[in-house]
Amino acid sequence: MSTSTEKLQNKQPSSRSLVGRDPWTTPLREIDLAHPGIWQANEYLPFLARLRRDAPIHYCADSAVGPYWSITRFQDVMDIEKRTDLFSSEPTIGIVDPDPDYILPMFIAMDPPKHDVQRKTVQGVVAPANLKNLEPLIRQRVCKILDNLPSNEPFNWVEKVSRDLTTQMLATLFDFPFEERNKLTYWSDVATAIPGAGLVDSYEESQKILQECLMCFSKIWQERASKPPGDDLISMLAHGESTRNMPPLEFLGNLILLIVGGNDTTRNSITGSVLALHQNPAEHDKLRADPTLIPSMVSETIRWQTPLAYMRRTATQDVSIQGETIKKGDKILLWYASANQDESAIENADQYIIDRPNVRQHLSFGTGIHRCMGNRLAEMQLRVLWEEILPRFRAIEVVGEPERIYSSFVKGYHNLSVVAHPH
Amino acid sequence: MPTITYIEHDGNTHTVDADNGDTVMSAAIKNMVPGIDADCGGGCSCGTCHVFVEPEWQPVVGGPGEFEEPMLDLNPERNDQSRLSCQIDVTDELDGLVVRLPEFQF
Chain A
1 MSTSTEKLQN KQPSSRSLVG RDPWTTPLRE IDLAHPGIWQ ANEYLPFLAR
51 LRRDAPIHYC ADSAVGPYWS ITRFQDVMDI EKRTDLFSSE PTIGIVDPDP
101 DYILPMFIAM DPPKHDVQRK TVQGVVAPAN LKNLEPLIRQ RVCKILDNLP
151 SNEPFNWVEK VSRDLTTQML ATLFDFPFEE RNKLTYWSDV ATAIPGAGLV
201 DSYEESQKIL QECLMCFSKI WQERASKPPG DDLISMLAHG ESTRNMPPLE
251 FLGNLILLIV GGNDTTRNSI TGSVLALHQN PAEHDKLRAD PTLIPSMVSE
301 TIRWQTPLAY MRRTATQDVS IQGETIKKGD KILLWYASAN QDESAIENAD
351 QYIIDRPNVR QHLSFGTGIH RCMGNRLAEM QLRVLWEEIL PRFRAIEVVG
401 EPERIYSSFV KGYHNLSVVA HPH
Chain B
1 MPTITYIEHD GNTHTVDADN GDTVMSAAIK NMVPGIDADC GGGCSCGTCH
51 VFVEPEWQPV VGGPGEFEEP MLDLNPERND QSRLSCQIDV TDELDGLVVR
101 LPEFQF
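Heads up: the sequence lines are chains A and B, in that order.
Residues in the first sequence are numbered consecutively from 1, following full-length UniProt numbering.
Residues in the second sequence are numbered consecutively from 1, following full-length UniProt numbering.
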């Protein structure tokens with residue numbers, strides 16, 4: 001996800017950036033949350049607060065990616081996401097429309113009833129009961145990464161831990177040839193890349209690359225189908241009653257969705273956990289004193305990080321909300337990053353509190369029928385990671401300014417310079 | 001004060017006093033009954049307060065509502081006893097209700 005959004009948005013005129021401007025006096029019509037500048041500069045929070053206070057249903061008439069609405073309050077995001085009849089997930093959930101000639105069938109960008117049928121065919125593979133079987137292997141790989149970290153010298157946590165761990169976990173989930181695992185990240189990037197922005201030059205080229213992805217996975221599929229059912233996703237799809245006859249394009253669409261969905265979201269939440277605990281030493285102390293708080297810390301971290309800042313919907317008809325009229329066809333961005341900071345729904349929302357009440361009640365996973373299918377997997381990865389960090393290190397100290405991604409969609413980091421201090 | 005009994009997947013049983021005005025979900029949360037997450041806080045939007053209503057109680061409790069059905073439908077563990085407990089309002093009629101909890105919330 002990051003690659004495409006980044007590269008697309010790199011083309012935007014920098015004059016629109018809100019960086020350095022006063023969030024409370026900037027004219028509302030000039031507030032363009034979709035511009036990545038404030039996200040990279042980590043100045044987005046007060047602009048979100050401004051819209052929540054002054055214009056919770058906000059129209060940005062003029063942006064580099066066209067006009068769009070911003071929804072910034074918790075309850076409004078909940079309400080809109082529930083009305084899939086009025087607010088469609090088609091044709092896409094990003095702000096830029098896809099090339100109509102090249103749309104992979106992915107249920108994240110479908111409405112009922114098609115969405116429900118497709119999601120149900122693959123949902124079982126990330127069901128908690130199946131994840132339990134994968135946990136020992138995931139733990140083993142987490143341990144290996146942690147045991148090989150340099151001690152008492154700075155390194156980039158994103159590269160050495162977050163990226164490698166999520167890629168390894170994807171390879172584990174798919175039981176993908178381990179030495180070739182970086183292909184998964186590559187395909188994920190290609191699937192979301194905008195042609196001409198660096199990674200691929202044309203849709204034909206990405207199609208060709210994704211065809212290779214399909215070929216590779218089809219081979220694995222055949223191999224798994226001929227063996228007894230296993231715990232990995234491909235084996236489950238190959239043996240599953242509702243999935244074993246899946247047409248190739250649908251198979252590819254579902255694979256890409258699983259790869260993309262489990263890629264930078266988890267990666268950035270892993271990095272976010274280190275940063276949040278570093279910035280909140282009292283919370284880190286709480287965690288060290290009581291490791292049973294790990295699951296709660298994980299939920300709080302996912303709220304605090306909000307790895308995807310928004311999801312887009314498209315109005316299927318004219319709709320009036322709080323005096324504003326959203327026209328049929330208008331783009332609507334549901335800002336999870338703002339909803340998760342909404343004081344009217346979450347007390348002390350601006351603080352990172354690992355044992356806060358109702359810690360799971362955040363919107364990072366979205367809500368309603370499109371709620372993140374991999375939410376339990378993401379939580380498990382973070383939980384296992386911290387269960388293994390705590391006994392090894394007294395602290396992961398952040399020693400440099402985090403380098404954030406230039407994107408208003410993927411909230412994450414290129415670089416987090418840290419020193420790991422063993423006990 | 002209606003009492004509600006929750007039976008965990010491993011057989012652990014919790015009987016709690018609920019108030020009219022509670023839902024079967026909120027009564028569980030208030031009484032720290034494990035096994036119900038209620039990630040959306042009762043908005044019928046996350047599916048993590050899934051319960052199985054004991055067959056003898058199904059006629060009293062009734063079936064899922066309009067927004068509940070699609071959420072339940074996406075749960076691989078759903079069966080014909082499934083309900084989202086945030087959508088079951090506690091009334092005197094439900095005094096003695098028994099629900100079973102799934103091994104995992106999705």
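Warning: the hint list may mix true and false statements.
[Said to hold, decoys possible] Computed far set for chain B versus chain A, every beta-carbon distance over 12 angstroms:
(1) Thr5
(2) Gly41
(3) Gly42
(4) Phe52
(5) Val60
(6) Gly63
(7) Asn79
(8) Glu103
[To be verified] Not the full set, but computed from the structure, chain B residues with beta-carbon under 7 angstroms of chain A:
(9) Pro34
(10) Gly43
(11) Asp80
[What the hints assert, rightly or not] Quick list of in silico lysine-lysine cross-link-like pairs, DSBU-like style, CA-CA up to 30 angstroms:
(12) Lys286/A <-> Lys114/A
(13) Lys30/B <-> Lys160/A
(14) Lys120/A <-> Lys82/A
(15) Lys114/A <-> Lys160/A
(16) Lys286/A <-> Lys82/A
(17) Lys132/A <-> Lys328/A
(18) Lys132/A <-> Lys30/B
(19) Lys114/A <-> Lys82/A
(20) Lys30/B <-> Lys82/A
In short, the hints are calculated from the structure, not lab data.
No residue lacks a Cβ here, since even glycine has one placed at the ideal position from N, Cα and C.
Going through the hints against the structure:
1. Thr5: 24 angstroms, holds
2. Gly41: 5 angstroms, violated
3. Gly42: With a cut-off of 12 angstroms, Gly42/B comes too close to chain A, as the shortest Cβ separation is near 9 angstroms.
4. Phe52: Holds, since 16 angstroms exceeds 12 angstroms.
5. Val60: Its Cβ never comes within 12 angstroms of chain A, the nearest being 27 angstroms, so this holds.
6. Gly63: 18 angstroms, holds
7. Asn79: 14 angstroms, holds
8. Glu103: 7 angstroms, violated
9. Pro34: Not OK, violated: Pro34/B not within 7 angstroms of chain A, min 12 angstroms.
10. Gly43: 6 angstroms, holds
11. Asp80: Violated. Min distance 16 angstroms.
12. Lys286/A <-> Lys114/A: 46 angstroms, violated
13. Lys30/B <-> Lys160/A: The given pair, whose Cα atoms are some 42 angstroms apart, is violated under the 30 angstroms limit.
14. Lys120/A <-> Lys82/A: With a Cα-Cα distance of about 18 angstroms, the restraint between Lys120/A and Lys82/A holds, given a limit of 30 angstroms.
15. Lys114/A <-> Lys160/A: Between Lys114/A and Lys160/A the Cα gap is close to 40 angstroms, so the pair fails against 30 angstroms, i.e. violated.
16. Lys286/A <-> Lys82/A: 36 angstroms, violated
17. Lys132/A <-> Lys328/A: Outside the cut-off at roughly 44 angstroms; violated.
18. Lys132/A <-> Lys30/B: 28 angstroms, holds
19. Lys114/A <-> Lys82/A: 16 angstroms, holds
20. Lys30/B <-> Lys82/A: Status holds; Cα separation ~26 angstroms.
Of the numbered hints given earlier, the model fails hints 2, 3, 8, 9, 11, 12, 13, 15, 16 and 17; all others are met.
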